[in-house]
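Based on the hints, put chains B, C and D with the ligands in the right spot on chain A.
Here is how the chains run, residue by residue.
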Amino acid sequence: MINEKVAEPAAASNKPANTSPRVVKDAVIRLAGNSQDGIQAIGGFLARLAGRTDKDVMTYMTIPATISGGPSIFQVRLGTGEVLSAGDEVDLLVAFYQHSYRDHIDTLRDDGILLYDTDQVKPEASTKRMRAIGVPITSRTIEAIGGTAKDKGKNMFVLGLLARMFDLDVPKLEQMLTAYYKGKGEDVARNVLLAFHAGYGYSLTETFAFRPATTRTTRGQVVTDGNQAVVYGALAAGVRFGGGYPITPSSTIMEILRQELPKYGGLFVQAEDELAAVAMTCGASYAGYTALTCTSGPGVSLKSEALGWAVMAEIPMVLVDVQRGGPATGLPTNVEQSDLNIARYGSHGDSPRIVIAPCSVEDCFYTTIEAVNLARAYSCPVIVLSDQALATRVETWERPDFKKCVQDISPNFATRGPNFKPYDNAGDGIAHHAPPGTPIADGKYPVVTGLEHDEYGHPAARPANHAMMVAKRRRKLKLLESKLPPPEMHGPNEGNVLLVGWGSTRGPIQEAVDRARAAGESVSAVHLRYLMPLQPGIKEIMEAFNHVFVVELNDEGMYGYGQLAGILRASFCDARIRGINKTDGLPFKVREILERMHQMIKETKNPVLA
Amino acid sequence: MINEKVAEPAAASNKPANTSPRVVKDAVIRLAGNSQDGIQAIGGFLARLAGRTDKDVMTYMTIPATISGGPSIFQVRLGTGEVLSAGDEVDLLVAFYQHSYRDHIDTLRDDGILLYDTDQVKPEASTKRMRAIGVPITSRTIEAIGGTAKDKGKNMFVLGLLARMFDLDVPKLEQMLTAYYKGKGEDVARNVLLAFHAGYGYSLTETFAFRPATTRTTRGQVVTDGNQAVVYGALAAGVRFGGGYPITPSSTIMEILRQELPKYGGLFVQAEDELAAVAMTCGASYAGYTALTCTSGPGVSLKSEALGWAVMAEIPMVLVDVQRGGPATGLPTNVEQSDLNIARYGSHGDSPRIVIAPCSVEDCFYTTIEAVNLARAYSCPVIVLSDQALATRVETWERPDFKKCVQDISPNFATRGPNFKPYDNAGDGIAHHAPPGTPIADGKYPVVTGLEHDEYGHPAARPANHAMMVAKRRRKLKLLESKLPPPEMHGPNEGNVLLVGWGSTRGPIQEAVDRARAAGESVSAVHLRYLMPLQPGIKEIMEAFNHVFVVELNDEGMYGYGQLAGILRASFCDARIRGINKTDGLPFKVREILERMHQMIKETKNPVLA
Amino acid sequence: MMAEAKNVPVEQAKPADSSRYTKKDLVADHPTWCPGCGDFSILSIYFKMMEKRQVPHEKITSVAGIGCSSRFPYFVNAHGVHFLHGRAAAFATGVSLTRPDLHVFVFGGDGDAFSIGGNHLEHTARKNIKMTYVIMDNEVYGLTKKQTSPTSPLGFKSKTDPTGAIDYPVNPMKKLIAAGATFIARSHSHLPNHVMEMMELAMDHEGFSVIECLSECTEFYPGAFDSANPRKGGVFQPVPAGHDVTDELAAYKLAMAPFPGYFGLFYHVNRPSKNALEGQLITEMKKRTNNAAPVELLEKTFDRFS
Amino acid sequence: MMAEAKNVPVEQAKPADSSRYTKKDLVADHPTWCPGCGDFSILSIYFKMMEKRQVPHEKITSVAGIGCSSRFPYFVNAHGVHFLHGRAAAFATGVSLTRPDLHVFVFGGDGDAFSIGGNHLEHTARKNIKMTYVIMDNEVYGLTKKQTSPTSPLGFKSKTDPTGAIDYPVNPMKKLIAAGATFIARSHSHLPNHVMEMMELAMDHEGFSVIECLSECTEFYPGAFDSANPRKGGVFQPVPAGHDVTDELAAYKLAMAPFPGYFGLFYHVNRPSKNALEGQLITEMKKRTNNAAPVELLEKTFDRFS
Ligand SMILES: Cc1ncc(C[n+]2csc(CCOP(=O)(O)OP(=O)(O)O)c2C)c(N)n1
Ligand SMILES: Cc1ncc(C[n+]2csc(CCOP(=O)(O)OP(=O)(O)O)c2C)c(N)n1
Ligand code: SF4
Ligand code: SF4
Ligand SMILES: [Mg+2]
Ligand SMILES: [Mg+2]
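Going line by line, the protein sequences match chains A, B, C and D.
For the first sequence, this note's numbering begins at 1 and goes up steadily by one.
For the second sequence, this note's numbering begins at 1001 and goes up steadily by one.
For the third sequence, this note's numbering begins at 2001 and goes up steadily by one.
For the fourth sequence, this note's numbering begins at 3001 and goes up steadily by one.
Simulated from the structure, these hints should not be mistaken for lab results.
Note that CB positions come from ideal geometry on N, CA and C, so glycine has one too.
Please note that the accuracy of each hint is not assured.
[Stated by the list, open to error] Below are the BS3-like pairs computed for lysine-lysine, each with C-alpha atoms no more than 25 Å apart in a straight line:
1) K184(A) to K2145(C)
2) K3157(D) to K184(A)
3) K2300(C) to K1404(B)
4) K2286(C) to K1403(B)
5) K182(A) to K2157(C)
6) K3287(D) to K444(A)
7) K1444(B) to K2052(C)
8) K3253(D) to K444(A)
9) K2253(C) to K3253(D)
10) K1472(B) to K1404(B)
11) K1589(B) to K472(A)
12) K589(A) to K1472(B)
[As the list claims (entries may be wrong)] Facing chain A, from chain C, some residues (calculated, C-beta under 7 Å):
13) S2115
14) Y2141
15) T2144
16) Q2147
17) K2157
18) T2160
19) P2162
20) I2166
[Claimed, not checked] Cβ-to-Cβ under 7 Å is the rule here; a few derived chain A residues that face chain C:
21) Q175
22) R258
23) Q259
24) E272
25) D273
In isolation and in its complexed conformation, chain A is listed as follows (with noise of 0.2 Å):
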């Protein structure tokens, strides 16, 4: 936060602004209006910029949750360094009405900065020690490119005052405007960029300039959002069919999809319903392209039938949950961790498949890839567990290397057999498929089904096969756990408290670790990647910790913990394991971790005996 790296101390009392630019690390900023003021492309031109210039980015934006308009904020942090978390509290704030002011001004940290339009906000009185700097943003916009064309106008003036305010790279700024404007015309561009000088030319009290970064990644950064990491990996890792419906947060898979696949020869088909879209992925997976349905909230449920029957027919295929607030309609453009437990156990009967989460925007691209990797490698679907907050959240990454990663996953038609057995138990218990249009050596064909079978497909219901073949899917899941890598640790190997966390929580949790040691605090957190089966060693990193507490944005259930924590309960039967849990339907917050964390250990006299 600005504060922190405040030059002179000061700067943190209320005299006098100075007028030379203070050095920052990272500065969280948070734009409060209406849908239609066009916010979200202020931080997705802050976030592009970023990209360009070595900074890292989060961003964190709420979509209204109503039809029509209504109030919405864009939460924008810069930083030159790893940026974890969207942050708590917010250094500046940019309030274009009343209601943004009302409903934001508690985020604001002691000391930061109130940016308001004169021409729309009356600051109230309020007990917050604060820097309230007044400018008429729309009037000023109304000069700069006239009033009927205002509304699209205010957001570019507010970029120029950020652009002056943090001392941008405005020429760079410039050429994006332009670039992305000048296919609306004109007249729009040129106002643009009228409204962004007038901006920029308004002259501030206050600046700051980021602390130059040393230039981390030789690829450069990119910026996108999560749900454009799964497109782009599902791309990379060679899929080529997709079947969805649509359905928030994770449309914009299948949109992408559907435009981005024709170039690749592929295709994405919008289905009637999810239980068509789930069952021509399998189609496809069984003509041999291993395909990819997506999905959020009730299309989970609905798909569960199908997964099933992929389980058992051993079928490699990904499904990609992005999970919102449940559970039925629930809250779908609210984040929520809650379909850990029907991503594990949501089909009748035994039916063991592949759960795997992404950490990171970044981690989204390279998930996706090993989904596809997994599913091929052991004949099994595998479900990613995305979330609404990954899915949205704009980030830099680093520019991946194509070269490596893209891959050619088309059929082999080669002939098979003689005695060809696609669910042959011998060995490690890995189904091996032959697509239709692969020849059979001795013209014995294979039959895929979801009835319990023998080795060659066709229906078996001896007592002793079903056995045989419960344990044969069972067993290729055992080799896959062996072969893990122990889970990520962030922080030292043991100490007093533990963190584990799973998914897009790990930004908060470890930005809780560093805040935790830099007080003196130890702490340590270990984020898990793998959901099932689970990483070697996780009972070992547990026994070195005295507490051990599982981050979750799902509910405590009726014993005080999570769905993560659950499962780690009864692997391990360790009863330290406890759970954070919210259910707000929003991101942790970095604050809300640790207070937590601090209460559950005074609350806990013999952590063994807990």
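Chains B, C and D with the ligands in isolation, oriented as in the chain A frame:
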């Protein structure tokens, strides 16, 4: 078994059989033929007869997996005093054909009796010590009723033989036969009796008599299978609407309800699929008539979305899941207990619901009534976990006291409000709905929804509201938990080994305990009827034993324990909880439980560190 | 329950507060629809019709699936349900068959009705379950922000067909006629009087009545239905005067007319509703068992089991 | 893949063992069907047709849902899939769209196609996905032992309608015509030559072809189709000579004939299949991006992201 009860030890040898009837406590009789031979009918009549003569009976039948005919068996265990399982070993094998002899001779216990058709079967050299009795069943039947009708008659001839062999109540049998067959025409009924008497007239050297039982019941006994018990439980509970879609082995619930409900002023709809079936069940329940839907296997997966809706909307309804072999299409006509996880965790999001499991055919009746009442009391969907074994098994049980258990649950349309809040968060957190047709005093009507909502049922995305409502849906189940009785023990409250069971495995588990204790071992069993939430006191019970084995008909999973075991380990973090599992699609044999138990005890050096 | 339900028929059940109500008594949440959304007019017609017909306030029951249009029940101050995407008709079936004292209205969009809900719509129609289903067809997915709908015309540019829709669309009228629906009408939300007329006819039909009501999505498919809107220079073509609404083939022929096609009552026949048929079955069975009470019935059955 | 698939077109892919094969090379498990089940004849016609047409053995692909009829793939010694109840058409869509070198056959029952699978059937038809779907209609649920099917006639006594079916049944031909299927035929398993003729025509159709083939369930609905079986004294009524198979209304009129109705080709038009349309889209997009390789494409895209 017979020889346990033999008067003189001599009988266990091969000396010429004596002719005076020997007194036995129970007998396991396996009839092996083809499905066309009507051996089911023999078993049925024996069961009914037992019901009318204060004998207990438990049957076990295999349904041919293929569509057209084929080999089939029916096993009936007759006894005085409670019969817990269908019996591991056969005391009397009736073999109609050579294949019947070949496939089933191994199930005959040493010194058991083989009764075979000399016209069809040539006993092969066998090391087994047995008493083989050949009877020209086919030709004698032909003599009795003529060649053409013989296929219809053989089963009745055999029934006659058994009546003679076990000194059964012939007048009662004749009554039943005439009552049953007169509908099929004069000649049929006559042939049936001719064949029966021919069999009864055949002079046998081996005869037995059941030890007289003291009548245990005042209302007398009835004979039904588990699905029938569910149906009449639902009718007694006041259920007047059901929706379903055919699927084995749950179909008969739908079929009988379809026939019975109109007499009660209700109806059952065969829907176009499971999604519609559960949807209209939700609809009827919303309309004020707590309704029931039933399914198996894939149908459970398909219903998980709407179940989640009912959790969120807090609509009472009952889903009866007659579990079969999974995953996917799996083994439709075999038993498995592998739907516990999906019952608890099968919907996306945090979706807590109530899960209970009956342990016998009789219990299917009372569990269904309880399910209806829990659903209404907690405004929550309830899942009843029956299975294929319970569903198709015929048992005798005490006739229910309908005056006591029949209830009227028709809706309450009394005016509600003012300020009516169906989702009032005050107090126990249980929703109280007003069905349509209910006036609201202040004219402000509620909405029922699957979106997260405020107390009036209107959509609310406020972070604090979601957290509150999630807690509310959890809180009411905590309340239920606090009201549950401690689980049922079989055997002393402390000792060396505790067997934990749920659902249909209760019989074999308790019989295993009895056998082990008879052999001087310290073994007890606890049976869990409530699987979500769990009953109080389980932890304490387990702590009073050295070994805790959870006996389940599902996969031992990746870590050596099944689905209930996993839940118990998560709840109590007791590493001694391990699994005795099998997935061969057949009910547990008492022997299988004991063998596995002994093996696991041997393998365990220090149970605490196991 | 069909039986029980008879204890609370419409007339008897005059509740405490069912004195004559007006439209504004039916207003609930302010609709979250976009300005100009066609759904507004259908909502106000529903209010107007109820005010006119004075269905007892507590008996008004609106059921919906998921979609912009499906938020309808939140905006009506009466009993209402917001169920699952595509399953509203099946849910309403459970309500209708257990509650002869109610006439359920179902509201939802084209995706809800023809994509994910297509099968339920068809089977509810053929079984002739008593209810009125108003399909608010904007030929696009609104709530999820502009994907192709089964009714989107060929060439329609959406987020899932950026170069234009290529899948041959569903023809709602053909589908409903072939499915065996007994009351099938088509209307246009920009012509409120016509919508009102169709809704009243539908409400009075003894069985399954369905109205496809074109309802413009001003946000994602503006102007979609101008060609049938006189106020936008379009031509509103009513079903020809001579049309015989009991002639299935003639109705199918009308359905073949090119967009924007005809508006009005395409098909209307009287076939016993499933509600009526199940009612008869109940009456018969109760007669056969001479109206035995549940306890008696169960005792009799269990006599056979012992 | 559409692209890749072009690398293995039918002609090139002559495999090691694809020398001319005979019917008996296609025989797998002995069918578990009941004696006399109508499904036997459809199976042997499939063998006969394949023998005649010599589709390369490794390219024969049969997909099914769940049901007696759906066990079909087990009895065919060729690539086959036994998927889920009602979802065979959706599964086959995934196979068809990724594999232009195959012509997928789907086999299943009336419950599979019209009850649980009704929506997939309809959308597969309107999207005109290339495949041949043979619906083996016995007007009853066979595998689950005699429940009412959507095609069971009124009055049919089943375990779920002990007093006779009361739900107005689906009319398969009407449904398929209204859905926009491009090849619609009707046949009768007791007339093998007719079935064979229809199957061959269907197989050669460039799009979605569907045959409703009456196939008697001797176990649970014996004699159901005798009235159309000359050998049982019935009358087999072929589609009238003059019938124009491109005339939708005429086809619908034929579908209105009372049971047992007409047999033969009801409707047949050429509308580009989704396979073809998606193929064009791919060609276009690849042209626009002048056939850039995946790595290039991704680099270009990520230039925009940086
Ligand atoms: C099972 C399921 N799938 C998908 C969704 C996401 N979803 C909500 S509404 C909708 C379609 C909206 O289109 P339409 O039914 O035409 O209603 P409109 O918004 O246009 O009025 C979709 C796909 C969902 N809520 N549930
Ligand atoms: C999701 C699901 N629901 C129900 C079933 C049970 N089931 C299997 S086949 C079948 C219907 C059989 O009828 P049909 O499709 O006409 O085929 P047939 O046996 O008559 O050839 C049903 C309901 C299932 N396997 N899966
Ligand atoms: S998005 Fe379209 S359908 Fe939805 S409210 Fe707005 S205008 Fe109406
Ligand atoms: S039950 Fe009917 S459909 Fe099934 S195999 Fe037998 S005859 Fe054929
Ligand atoms: Mg729409
Ligand atoms: Mg059938």
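Here is how each hint holds up against the structure:
About 21 Å separates the Cα atoms of K184(A) and K2145(C), which keeps this hinted pair within 25 Å; it holds. Distance hint between K3157(D) and K184(A) is unfulfilled; the C-alpha atoms sit about 67 Å from each other, more than 25 Å. A threshold of 25 Å between alpha carbons decides the hint, and for K2300(C) with K1404(B) the separation of about 16 Å falls inside it, so the pair holds. For a cut-off of 25 Å, the pair hint linking K2286(C) to K1403(B) stands: about 20 Å separates their Cα positions.
The straight-line distance between the Cα atoms of K182(A) and K2157(C) is roughly 22 Å, inside the 25 Å bound, and the hint therefore holds. The suggested pairing of K3287(D) with K444(A) is violated, with an alpha-carbon distance near 42 Å, which exceeds 25 Å. The suggested pairing of K1444(B) with K2052(C) holds, with an alpha-carbon distance near 20 Å, which does not exceed 25 Å. For the given pair, K3253(D) sits about 46 Å from K444(A) by alpha-carbon distance, which is inconsistent with the 25 Å threshold.
Taking the CA atoms of K2253(C) and K3253(D), the gap is near 11 Å; set against the 25 Å cutoff, the hint holds. For the suggested pair K1472(B) and K1404(B), the alpha carbons sit about 33 Å apart, so the restraint of at most 25 Å is broken. Between K1589(B) and K472(A) the CA atoms are separated by roughly 24 Å; this keeps the pair inside 25 Å, and the hint holds. Between K589(A) and K1472(B), the direct Cα distance comes to roughly 24 Å. Compliance with the 25 Å bound is thereby established for this hinted pair.
Because the smallest distance between the Cβ of S2115(C) and any Cβ of chain A comes to about 5 Å, under 7 Å, the interface hint for this residue holds. Given the 7 Å rule on beta carbons, the hint for Y2141(C) holds: about 6 Å separates it from the nearest Cβ of chain A. About 4 Å separates the beta-carbon of T2144(C) from the nearest beta-carbon of chain A, less than 7 Å, and the hint is met. Checking Q2147(C) against chain A: minimum C-beta separation of about 4 Å stays under 7 Å; hint holds.
Annotation: K2157(C) was flagged as interfacial toward chain A, and the flag is violated, the nearest CB pair being 11 Å apart, outside 7 Å. This hint holds: T2160(C) has a C-beta 4 Å from the nearest C-beta of chain A, less than the 7 Å allowed. About 5 Å separates the beta-carbon of P2162(C) from the nearest beta-carbon of chain A, less than 7 Å, and the hint is met. Hint on I2166(C) is violated. Least Cβ distance to chain A is approximately 11 Å, over the 7 Å limit.
A least Cβ separation of about 26 Å between Q175(A) and chain C goes past the 7 Å threshold, and the interface hint is therefore violated. The restraint placing R258(A) at the interface with chain C holds, with a minimum CB-CB distance near 5 Å, inside the 7 Å limit. Because the closest C-beta pair between Q259(A) and chain C is about 5 Å apart, less than 7 Å, the hint holds. The closest approach between the C-beta of E272(A) and any C-beta of chain C is roughly 5 Å, which is under the 7 Å cut-off, so the hint is satisfied.
Taking 7 Å as the C-beta cut-off, the interface hint given for D273(A) holds, the closest approach to chain C being about 4 Å.
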